Each structure stands twice: as C-alpha cells, then as structure tokens.
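Okay, here's what each chain looks like letter by letter:
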Amino acid sequence: MLKIKNIETFYGNIQALKDISIEVKEGEIITLIGANGAGKSTTLMSLSGVVPVRSGSIEFLGKDITNKNPDEIVAMGVSQVPEGRRIFPLLTVQENLDMGSFLRKDKGEIKKDLEYMFELFPRLAERRTQQGGTLSGGEQQMLAISRALMARPKLLLLDEPSLGLAPIFVQQIFDIIKRVNKENNTTVFLVEQNAYMALKIAHRGYVLENGRITMTNDASVLLNDENVKKAYLGI
Amino acid sequence: MKLDFFFQLLMSGLTRGSIYALIALGYTMVYGIVKLINFAHGEIYMIGAFTALIVSGVLSMYGMNPVFIFLIAITAAIIYSAAYGVTLEKIAYAPLRKAPRLSALISAIGMSMFLQNYVLLAQTSDFLPFPELLPEFGFLDPVKFIISTNQFLILVTTTVVMVLLTFFIKFSRTGKAMRATSQDRDMAQLVGININKVISITFVIGSALAAIGGVLISSHIGQINFYIGFIAGIKAFVAAVLGGIGSIPGAVLGSFVLGITESFGTGYISSDYEDAFAFVILIVILIFKPSGLLGRKVSEKV
Amino acid sequence: MKRMAKFFLVALVSVAAITFVSCGKKEAETIKIGVAGPHSGDLASYGIPTIKAAELVAEEVNAKGGIDGRMIELVIEDDVCKPEVAANTAAKLVGDGVVAVIGHICSGATKSAMGTYLDSELLAISPSATNPPLTQSGDYPNFFRTIAPDDAQAAVEVAFAYAQGYKKIAVLHDKGDYGKGFAEFCKAILEADKKAEIVLYEGITPGAVDYTAIINKIASSGADAVIFGGYHPEASKLITQMKKKDMNIAFLSDDGVKDDTFIKVAGEYAEGVYATGPIDTSSNPLAIKAVKAHQDKYGEDPGAFFINAYAAMLALVNAIDVANSTEYADLTNALRSNYVDTPLGKISFDEKGDAIGVGFAVYQVQNGQYVELK
Amino acid sequence: MFNLKELRKSFLTSLWFMFLTFPIMVIKVNTITDTVEWRWRNLAFVGVSAFILSFVWRWALDRRAKGGKAKKDGIGFKATVLAKTNQYKLPGLIGIGLLVAILPFFASMYTTSVLTTALMYVILGLGLNVVVGLGGLLHLGYAAFYAVGAYTYALLHYHFGISFWVALPLGALFSAVLGLLIGFPVLRLRGDYLAIVTLAFGEITRLVLENWNDFSFGPSGIANIARPGIAGIKMKLPQATIFIYFIAIAMVILTIFLVNRLENSRVGRAWEAMREDEIASQAMGIDLTKTKLLAFSIGAVWAGFVGVLFAAKTTFINPASFTVWESIVVLCVVVIGGMGSIPGVVVGALVFTLLPELLRSVSEYRMLVFGITLVIMMIFRPGGLIQKTRKSYKFKKEGDGE
Amino acid sequence: MAPILEVDNLSMVFGGLRAVDSLSMKINEGEIVALIGPNGAGKTTFFNCVTGVYVPTEGDVYIQAPGATERRSIKGLKPHKITEGGLARTFQNIRLFSNMSVLENVMIGHHHRLNSEVFGAVFRDKKTREEEEKVVHDSYEILKKIGLENHVNDLAKNLPYGAQRRLEIARAIGTDPFLLLLDEPAAGMNPQETKDLVDLILRIRDNEKISVLLIEHDMSLVMNLSERIYVVDYGKLIATGTPQEIKTNKEVIKAYLGEEVDA
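Residue numbers (the working numbering), protein chains in the order written: chain A, 363 to 597; chain B, 5 to 306; chain C, 313 to 686; chain D, 7 to 408; chain E, 4 to 266.
Wrong hints could be hidden among the right ones.
Subject to a maximum C-alpha distance of 27 Å in a straight line, what follows is the list of computed DSS-like cross-link-like pairs (lysine-lysine) [said to hold, decoys possible]:
hint	chain 1	residue 1	chain 2	residue 2
1	B	K201	A	K425
2	D	K400	B	K94
3	A	K430	A	K474
4	D	K34	C	K609
5	D	K400	E	K253
6	A	K365	A	K469
7	A	K540	A	K474
8	A	K474	B	K180
One side of the interface only, derived from the structure: several residues of chain C facing chain D at Cβ under 10 Å [what the hints assert, rightly or not]:
hint	residue
9	T422
10	A425
11	S432
12	G493
13	I591
14	A605
15	D608
Keep in mind the hints are simulated off the structure, nothing from the lab. Just so it is clear, the structure is predicted and the values come from calculations on it, not from any experiment. Where is the CB? At the ideal position from N, CA and C, for every residue including glycine.
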C-alpha cells in the first residue's frame, strides 16, 4: 500500500533522513522506533508532504505522492496525528472534529463517523462545545486521534501518541489503536519512542538510528532482539 | 448646541473608525494567518482608490450613469486590490514564510516603498480630484447637521461588510479553515487544508476590504495621491494593535476607539495633536493591556 | 579575510564612483548656474517648473550667443525639499563651480543650503522660499527672492479680512513650515490689532482620512471667516467638506492655494474662496512670452512658481551681464542696484534681498477662475 | 529549463502582470484636466519583462531552495575563522585608514559632505544595532533620539551660545534619558507590540517638536546653527566640511571600538541572552528591567551624538528630518548590513547612503529600486551583507580548541 | 540541619483552576528529590512558582543556603533574584541561547556573580579583565565536567539533542546554585543517554555539593536516582516517601501507574 523508496530529506544543510525505504501492507500496524532526533517525525512529515523530500520516491496505493501538497495527500487517504497532538486550541471539540473531515463532502457519513468517535471516546462527547485548548493532555490525544479518523483514512500515521501521557492513558490509547486497526481495517504507521509498547501491538517494526534504518523485522522478533532490548527496552 | 457638537464629533469619530476598521481588518487577518505585519497593506488601499479613480475617469468620459460608474469602479477597485494583495504575498512574503519575523517586516517595508513609487511614477505625484461617486441625498434638518449622507453611507457599508465578514469567518468552511490555519498552520495542512489557498484568500479578503475603504474615503475626501496609503495604513495598524492584533473583533473595536479618540481629541482639545492622541491612547492601552483590548494573552509555555 | 577584502572593495568602489561622478570636466568657457529644488518625491511639482523656467531663459540667452560669448550651462540638483539633502546638494553645486543658484524651493531646504553658499561666496535667488527670516534676519546677505515674504502676505490677508468686516476669525494651518509660518504671522497681526477676535487657532493633519471633526469645530466656534495657511490639497478638502455641510463661512487662504489646480480639484466648491497671491502680471508682455514659450516647448501650461523662477533667472542673467563678472560681490551689487524687466514687472532687490516691486494682492474664485480684487 | 512547461508558466505570469499593471501603467487619467492617456507601450514592456524576469525569479528561488551546497563552494563573504585573519587585518586596516585620512583632500566638498552623511548613518546603525541586533528589541522610533540630540544642540546654541563640544555630551545625555523614559513603559511589550509603541513614541516626539512653537520653533525649524570649531577659530566652509568629516570619522572609530567592547562583555552577553530567550535569561540571573533599559539608553546615546553632529553639519534643523521613515531607514541599514555584525552595519550604512547618491542620475527610480532591493535582499540574503561571526575561544590544553 | 528549601502550602490559581493546591515540600542539603505525577498535574507550575516565573497565589517559599543561619522567603521575587539566591533550573522544552556559543551559554550562567558594568566593558580595567578570564576559565571547567569541552565554540542550536539537555544543566551550574531544579531532564533521551544522565546528576551532587529536585516521567531514572519522591495529582500532594514506598503505595498506583505493565 505504501512504498517509501530511498528518500533523503534535508533541513537546510543538515541531512535528516538518509536513504530510507519502508513498505507498509494494507491492514498492517507497523512501527518505526528510534531515539529522539533519529528522524522519526521527519519521516512522517515527509510522508505527509509537509517537509519536502530531496530525492527518492514515495508511492501510495500505486500512485506517486512524492512532494505532493499535504492536502492532496490527505485527500488520498493518509491522515496524521502529529507529535504533541496539535489541537486547534480556540476551536471547540466539535469544530476540531469538523476540521478532520474538512475534505469530505458526504454529510450523512460524516455524522455517522462523529457518533462513532463519541462512542470510542465518551469523554469527548461530554466536552463537545469546550475549546480544544482547555482539554487535558489525555483528552487532547483522544481528540487528535479522532480528528484524524474523521478523514476516514486508509493509512493512519501516529507520531508518539504516548508522549507525555500517564501510563494509564498510554494503555488506553494503544487499545484504541488496536481497535481501530481491527474494526475499520485502517492501516497504522506508528512512530514511537516507547518501543516496548509499540512493538507489542505492531506486526512489523523498523529501527531508525541517526536518519538511517538499521534493522527491520517482525515485531515479535525485534522485541526479542538483544540489540533492540539493550538500546530501546532498557533491559 | 453643546450636545449637537458632541454628536457631531461622535459621528465623525465613527466615520473615521469605520474606515480604519476596513483597513485594520486586513492587517489583523493577515497577521492572524501568517503572523506578519503587512506593512504594504496601506498601499493596497491606495491602489484600490487609484483604480477606482482611473476606471471612473475613463467611464465618465463616455458619459455613463454615475450609479453604474460607482458600481463598476468599486468592483474594479476590489478586484485589483485583491490581485495586488495576492501578488504581493506571492512575491514578497511567500518565500519568507520560514524566515525570521524581521526579514518579513523589512520585505514588507520594501514593498510599501516600491508600490508608492510605482504609482508615483506611472501616474503622478499630484493630488487628483476624486469623482464624487457616493450618491448624495438630503437628510432632514436636525439630522443633517450631525451626520452627512456620505458619513452615513460609510457607516452603513462598513457595518454590513463587517457583519458579513463575521458570519463568513464563523460559519463558512473557508472561514473555519482560516481559523484553523491561524491557530496551527502545520496541523491545518495535516487535516487537508491547502494553506496556500487559505493565505491567498486571506489576502484577497483583506485587500478587498481595504479597497472598499479606499473608494469610500476618497469619494468622501474628494482627492487622492500616491501617499494616502501610508498615513491611513499606519493609523489602521495602530488600530489593529490597539484592539489586539490577530483578533477580528479587536480590530473593529480598536478602530472605533481610535477614531472616536481622535475626533473628541480634535473637538475638545486641539487638532494640533490629532495624531498624538492616537499614539498616546495606544501606549496607554498597551501599558495596561500588553496584548491589546481583545488580544489573546500569549502566555509562553515555560 | 575575504570578508575584509570585500568590505574594502565596496568602500573603495563607492568612494571612487562618487569622486568620479562629482569631478566632471571643467570648462571655463561656460557660465554655470545651479538650479536646486525638489525634482523627485511628493513635492516635485513645486520644483520642476523652476527647472523649465531656467531652461527656457538659458536657451534664449544661448541662442543669442550667450553673455559676452559665454554660454549658460545649467547644473540641476535635486534636494527633495529636505534640509539634510539640501546641505549635500549645496556642496555639490559649489563643487561643480556654479556662479549662482536659482532655488531652493522650500524654506527649510533653503536655510540649510544658504550657509554653504555664504561660505563659498555664492548667491541664490529663490522663486518660492517665503520664510521672512531668510531676508529679515540679516544672516544671509547672499539670499534673494522674487516672491514676497510670508509676513507681507499675512498683512495683506488680514487687512483684507478687516475690510470685509469679519469679526471672528478661525486661523488654521497644515502644520507645515510654510502654512504654519503664515498662520503665525496672521495670528500675530490679529492679536496686535485687536480688530477681530481669533476664535480658533489650530493645525490640521495633512493626509487624515476625515476632516469632519475639525469642521464641526469651526462651525461651533462661530467664526465668520477662516484663514488657512497651507497648500491646495488640504484647502480643497476643507472647503469641499465645509460647503457640503452648508457652512457659509468665508474662506481666505494663501499663495499655496492660489493655484489653478485648487479650482480644478475643488470644482464648484471653490467658488468664492479668497486667496492672496503675487500681484497679477499675466498681462505683462514678458509673462505672456514666457508662458507661451513654455507651452510651445512642453505642450502644457507652466506649473507653480514658474513666473517667479523665470524672473529670478532673468534677474541673474541681467546681473551677470551688467556686472560683466561672475564674482559674488559684483553680482550682488548688480542685483541691488539695477532694475530689470521680468514677467513680474520691473524689479530690483533691496538690501535684505527682497524684491522691490513684487507684492501681493487678494484674489477670489469667480466662475472657476481666480480674479484679482482691487 | 526552457521546456514547454516553464514557458507556459512564464507566459501565464506575463499575462497576469499585464492584467495587474493595466490600469495603473497603461491608463493615465488626469482628473484635473479631464484627459485620458493610453500608454499601450507600457503594456508590452510589462509583458516582456515579466516573461523574462519570471524565469530569473524561478531560477533564483530554485537555487535558494537547493541552498546549502551552492553557497558553500560558491561566492559569499562568509569567513569561518576570525582568529586567523589577524595577519591580513592590520595592513587592511592601515590601508582603509590611509584612504580615509587623505580622501577629503582630494575629493570634492560634495563627496566629503556625502561621506560625512554616510558616516553618520554608520554611527546611527551601530547604535540601533545595540538595541535591535544585540538586545533583540524591535525599535521603530529611533529618529526621536536623533531629534533630541539635534534639538539639544540647536536650542542650547540658540539660547545660550553653547558650543558644539559642550553640546555633544549633553545631546547624548538627554537622548539617553529619553531612552530610559521610553524604556520604562514598554518593558512588558515584545516584538510587534514593541515596534508599534516605539513608533508611536517617535511620532509623538516629532509632533511635539512640530506643534510646540514656543519651545522648538515649530516646523520652521532653527537655522544658523554653528559648525564645530576648535579654540574659537572660525573655519571657512571647505575646511569646516573636512573638519566635520574627521569628527565623524573619529566618532565612527570610537563607536566601533565601544560597541565592540560592549558586545564582548558581561553587558553585551546579557543583551544577547535577552534577545535569545527572555525567560531563560531571567532564570540565569539576568535582571531584565535593567538590561532592557540599558540597551535602550545606550542605543540612544549614539543617536544623540549623531543628532548634535547633524545639526552642526546642516546648520538648520526642523522636525521634518525626524519622521518615521528616518527610523525605518536606520533599521534597514542594520538589517541589510547584518544584524549584530559591526562590519555588516558599517557596510550597510555605506551602501544605503552612497547608493542613492550614485543613482542620482536616475533619481526618479531611486526609491523604486530601493524598495525592490529590500525585498530581494530579504529573500536571497536574509542574514544581511555580512553576517555576524562569533568570537571563538581557544584553550591551551585542548590542542585544537575547535 | 535546616532544610535548604521549604515550600509551605503553596497554591497557584489560574482563573478558577487550582493548578497547584496547597503543596508543601522540604529538601535537605545533599538530597536528590523527585517530583512526579501525571501530565498536567501541576509539576511545572510548581517549578515556575518556586523560581519566580509565577507569583504563587497562596503559601510561601523559603530558602536557607547551606551554612546560612536564617531562612528567608523568596515568594514574589523576580526570577533573577531567586537565581542569585541560589536556585537554578532547566526547562522542560529546552531554552538555550541558541545563537550563542556553548561557552557563552555557560558564561551567561555566571552573569549575576560578576560585577563589571558598562564602565568595565568600555575601559576593560584590570578587574574586569581578570573577571572575564576567570569566567571563561570557570565556564570551560564546567563544560569539561559535563563533557562538552569539545563543543565550546559551537552554536548551542547546532548541538545534538542530548548535548543540548546537558548544556542546559551546565548553564544552570554556572549560576553556582545550592539547589538545582531539573524539569524532565531525560525527556527525549535514549536509554544510554539516560544512563549517562544519572551518572552526571550523581556527580553533580557529590562533587559540586548541589542538591537536586527533578521532575521526570522516566520511572527507571526516578527510582534509580532519587532518595525521596513527591507524587502530585490534580495539584495536590498524594504521597511522599522513598522509591520503595512509592512503588507500593496504592494511591499512587491508582492515579499514576495504572495497571501494572508487565515489563
């Protein structure tokens, strides 16, 4: 479904991604793990078209999306929950969700999806008319995920959904991710620093170090790999 | 008599305030979306006025009906101001989206100089009489001394335009996209908003409002030259900051506060310090409310 | 190091370029006359007619073989009406070896340039700088002008106001050096005479988007006449809005308003406005000739101060001719002791530098034209 | 580059600009004389230039986007290691010094006079650089301080016959005091708010000078201000011009020396820290109030000096010389030259003042070119002509400190 | 021995929200204390109240430098005064002086201990020169201890992430504090870097005699490093004690750790 081939990305003179190649199959949860600054977020931003790619290509559903505008990529079915949640602070919860379905025209279906979100996250229904900025961290994460889902993405990109959350929330969020993947057959591309949690729910994983993919395998294999254990699982 | 004078000044303040508001809205909307002081915005206002002058000048040679002339002239002014606004953004600001704020400010100052001199060279440095496009009709006696038909039209037009704008921003899809973009540009992209389009639309709307202001006031004052934009621009900028830059109701409120302050200052104290009143009230308000009357307090996350 | 070198280079090149630009060829054959004033920027329309006047006179003289065989060469320099620029402009003219200067146009720029000319023993004849101290302070013995000073104009204006029987007068100005200076003199005279009351004395803000506040104030002051010091753009805005409010208060203004542009801009609202201006010399044969020459050459009517500049240039040429010299002392002497025929009539200059024979009259707009009131 | 797609793009750009400039460039309506002039030639001119320039523009933007590489091996002023330039620095400085010293004796009075003006902008730029470049405080009312210096000398000279040399420190002092006065209320403001408030202060100062006749003589200004002399010798104009030139040179040298010293001191570091992050700098023990006020008043000192010099040079001042444009010009000098960089500001000031003089022959287009140059500079060389290089420290034990 | 920091019933109210709700705390000389709690529990607000970024609505903060005889209140003082008093901090989102060199960043830390003013800067008298030399030398020494001596002339913004975190600590040490407040020092570090950080903090405590109060999410770091832990939730203190006690505290598990993750 998604084929990233040898992409390289630069910030000014500094090369952030070096020769990255990743493949994602439909229905999968794959995870990209790595330390802070390894280039995980850059990978996602390149995918979404926010950061331009200097060389290499990205193919989604057989179409070339390299350096397309972000809105075109979203229109093709790629939604992202960025790091730090990025809720529109002055829009209400409802309006934030509306923004998620910005490119959709099917009003009836949008309404259905909205109900689905409120079922997934009952907390959001309670806070429907509240401004996004006044939500707690965990609630914001829920809102961010449901906002992305409102676009009915074929591929959901998640950037560090566990960051800054209390463990109790982290567990909840990961459960939801699994559920979304199963119920809607949404493919999930998960970027995580919490390697343990990520590898537990993912099918396959990639390890990113200093802008390079250094390892890739089934999640269960990686979970038991000595090097991974040492470097990322703290064992 | 005393009360008359008071109301006259109030109306004059409101008229002024409406014009400032039409220009200030452009400043504040652009600021909200791209966090940039569009220093050349006053020039867009001036270009709107000039376009209207040129169009009406040509049309009146053919002896057209004044009402048609007015409609065509103001349409042309809106179209051209919007076109200049968008082009300005593409040339001078778009390449600087990621640059430091100061660079964009200097670029805007450069553009302001350029546009002033462009009109100066292509047209003239003289004041040109601006045709009276606003239809005159007579008010009855007591009203007549308080507000002129011109002032009345300016007030009405401004009010209508502002109500429309408010609805547009609040409820339309594009309006929502604009608000989202102003709050978090990258995230707006990630939900599928084409921010280039949103920025262009912002410039179009801001410039169109300035053009309306330009035509109304030029018709009221009766003459224009290439420099009118700079002075009006600075005042509108002050108004926008006074109200809290980035806030649309703030710009309107700020403009009225400014207009009324100037008017009463002139009426009851002296017009010698007319501009000074504007600046003093700005300073006083910012001292007590550092982000303006309705500005959102930007508490930096520590 | 590269940086240092670049820096050095930039400095060197700029300096060299300026030096080259300024050290032109020096031919002793021609008589160089400087022409200075605003030739670009927003006040250009006040400065450019002077260039044209100087050019026309120079062409005519040169066509007749020059002055004693020496051709006139004009050195035209822009001062944008800014004192700080005028100081450099003056230095440039001095450096170019001019024998005298026609200009400057604005009083402020003139004051800043005159010091330079005085030290270099150069004289200047301004067609338009009306600030009284230029002649009256005695600071600039090298200054002459072919226009009457503001205080003389103010005296004419106020006398006219008395004659019309105005008792309550609002004095306004545009806060500029010319307009405010004029208003100050009117105020001083009115206060000294006590024949009429000043009910309002204020500056308006040029370029403001609306003048209704000040107009309301005029209305409520009960004035029966307004004296306005300033230029025509502001005057036409004021009069237009006053008339639209059906205010029938007499409007008196100055030479800055006695300009046909004012009538065209203000249109029907200009009717009845009074303005002081130099005594009408349009029937003077030389004036007719000068205007015609201008129309022939440039295809349009001359602009502001054209006649005064023409007169200044003629006076200067005559002085060079009479004195048979281009030395400072000879020229000033010749200017003071000789009468010369100009479009302004037969003029000479008094000890202070003001033109004798140039005075002011009051005009009124009647049927779309300024008509001199006797 | 010249494929069909590019041609199409340029063609469309060209059409757009023809549409855009049509009313203003082609039709000239004179509502005074009721005439209309159609200048179709301009349309063709715009069309052709837009077509060509759009290629250049896209090429330049493209090159900028590829950025890094082109810059590194290409041209540019960048010098990375400052310490190593010492061997060239001395002869270079001596060269410049010699040139500067003998120049007025060869050049015309006009050249000297223009150079003096340029030097005054160098000082103004360096002074504002303290506020904007080091302190990070966007200041748009700098002309007010300049005015205070000029009026200090003009008024004291007029009323009491005070000499230039006495007025010089007084002008700086008053200017610094005004800096403090303005500084206090704006302590809490930042960025754009600070910019507009300083602009307001600048304009208020000018309006007071314009309207308070009894104090400042209003718009007609003050004339006959004495040029500086030494020991009562009255100089003729050419000598006086040269003398003022050397005073300006001395002041520039002194300013560079002082600013350089301030920059590399505890005070200068505090300014920069404040520019980088106000909250962090407070947490590191920097007194923001004091540091800000110091930046404002020290910056004002130089404006005061130049103000006095300005009054002495032009011998006439009025409020029209101290408008908001003046403040903007000085700000442009700093930004174009290179914020925080002393050589940058020097070059910026020279370019800014000398270039318009060179362009005198095409004076009408001067401001037009100027405006567009600012835009282009900001897009393609935002760091200014000469970017700041930081002082580098060496430590013995380390071998190579870098 | 008197505590070096004593926070007495401190509350901070924003609008109607009690971000910090009568929180008390004591830190003794030489201790490493951790403050933990779920995101949004008010930890950073607490830091900001102590360091003067906010003025607390209620309560008081006292410090008593080691060796000093009297404690004094620092409530309501400006941040720089508190820094002068001997508290230094780092920030959750790194706030370095990015366009200044690494060495200069540390030199800024020394700012309040130096005396030279404009006069000294201009005339560079003997005292100033000596002072400057000492600052450069001292700053360099700190960088050596932190392990950044090879980056002295680099711009702070060009440092790798982990190094930036360490530079923030170096800069704070430059202020010569007796108590260091670290706001999520390990955020974004990989396990190896976190391990080094633990060593570094211990070294700072042992060699520089600086006590430490830290906010952290990384439990391994908190449990390994701290001698006492304060746990807050919704602005309120819900538990305090040694790591062992906290690990087993039911209240804490419920509010914070959730169900035990089988790691």
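Hint check:
1. K201(B) - K425(A): Roughly 24 Å separates the two Cα atoms, so the pair holds.
2. K400(D) - K94(B): Given that 27 Å is the threshold and the Cα spacing comes to 46 Å, the pair is violated.
3. K430(A) - K474(A): violated (30 Å)
4. K34(D) - K609(C): holds (21 Å)
5. K400(D) - K253(E): violated (56 Å)
6. K365(A) - K469(A): violated (32 Å)
7. K540(A) - K474(A): holds (21 Å)
8. K474(A) - K180(B): Holds. K474(A) to K180(B) sits at ~21 Å (cutoff 27 Å).
9. T422: The hint holds - T422(C) has a Cβ within 10 Å of chain D, the shortest such distance being about 9 Å.
10. A425: holds (8 Å)
11. S432: holds (5 Å)
12. G493: holds (5 Å)
13. I591: Given a least distance of 25 Å, the restraint on I591(C) is violated.
14. A605: violated (20 Å)
15. D608: Not OK, violated: D608(C) not within 10 Å of chain D, min 18 Å.
This entry does not satisfy hints 2, 3, 5, 6, 13, 14, 15, going by the numbered hints stated previously.
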